[in-house]
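*Asks:* Chain R is already provided as a structure; the job is to place chain G on it using the hints.
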Amino acid sequence: MVKEIERAGLPVVHMCTVTPISLTVGANRIIPAIAIPHPLGNPELSAEDEYKLRKSLVAKALDALTKEVEDQTVFE
Amino acid sequence: MSKYKLVHYINQFYGGIGGEEKADIPAEKRAGAIGPGLALNQAFGDEAEIVSTIICGDSWFNENLEEAKKTVLEMVREDQPDVFIAGPAFNAGRYGVACGAISEAVKNELGIPVVTGMYIENPGADMYREKVYIIETKNSAADMRKAAPKMAKLALKLAKGEEIGASAEDNYLPNGIRKNFFEKKRGSERAVEMLLAKINGKAYTTEYPMPDFDRVDPQPAIKDLSKATVALVTSGGIVPKGNPDRIESSSATKFGEYDITGVEDLTAETYETAHGGYDPVYANQDADRVLPVDVMREFEREGIIGKLHNKFYTTTGNGTAVASAKKFAEEIARRLIADGVDAILLTST
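Protein chains in written order, with my numbering: chain R, 1 to 76; chain G, 77 to 425.
Hints are computed from structural coordinates only; laboratory data are not their basis.
There may be inaccurate statements among the hints.
Said to hold, decoys possible - Lysine-lysine pairs mimicking DSS-like chemistry, simulated, CA-CA at most 25 Å apart:
no.	chain 1	residue 1	chain 2	residue 2
1	G	K226	G	K236
2	G	K303	R	K55
3	G	K214	G	K79
4	G	K387	R	K55
5	R	K60	G	K145
No experiment lies behind these values; they were computed from the predicted model shown.
Isolated chain R, as found in the complex (with noise of 0.2 Å):
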């Protein structure tokens, strides 16, 4: 999906757990995500801190938005 929507002329970033998954596929902009049933979050946390843990790694996704790559990238 990742792939179709990019070859259709959007950006996409992909936020994902299982990386090399998203490498195989040909994901572009990949952001490591925490876990595969709870990417963007952590039950373990307090409500507060996995909100700020979602929120960084949406920030993260979203600045990965605004760079240049030339080939499938990582961003760490």
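*Replies:* Positioned in the frame of chain R, the structure of chain G alone reads:
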């Protein structure tokens, strides 16, 4: 013992009539084997023989499809063969399509078993692999020596009414038919053997080949995020509570489009996941953990992004065919572009 009878179909080039300039010759029938038919006859040994050869121009066949099929079918019917064999076409596109089309017609209309052969990237391969047996060949006629015995072996099996093995055993292109069978060794043993072979740099055959993935060049970066409309898309199956469109928990056949105008936060009361295959507890408690509407709203208020698009798109990525995902994404992208969206944040579980 009497020999099984075959009729062989080839194009003008292999029939020795000529190249491209003769591609518009209509079908004609000659007695006995010609060209590649000689190699097939040799492979049949004394069990079968080609009784007649139909030679037909590739362009004539493809440009006069209905008439061509009718003409060739009549020629085949006259000889009442036990098996019909076409090609092999290797990587010749029109020839491959002709071999597939005429084989399908002979099989369906005359009820005669058929075998053809071609290279996997021949357009005829994808068009006809699910309809007729296509022996996989290399991309040039240099492979005839190896292709002939494979085609002959399958043709003989069909003539004798023997059971046809899996595609890997009988060398035909996978036709999408799966047969259950019991392996002699259990899965764990087979997996360890494969792993050891892999570590030792030896050959092994996967039981689950991955599809081929192509590549797409990255799109240029967003210059000014504060003016951009960003949309959320997910393969994590986040849906309004109750899953109104009944998106399947695995092998999805559809995606959902949901309006989030005025939605500030996804809660356990309003959203859930339809995705099977991962523990849904965390996403059901708070779907923002998969689809971050809450923080996107904050970034929108802060002016970090111009706007969060008022619709999100979702499907379940669990066991969903690559072909389906591709189809969903093409349609999703079409709608996003039509709505003036600039960039996508796609989350996967």
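*Asks:* Which hint numbers does the structure go against, in order from smallest to largest?
*Replies:* Numbers 3 and 5 - these are the hints that the structure violates, sorted from lowest upward.
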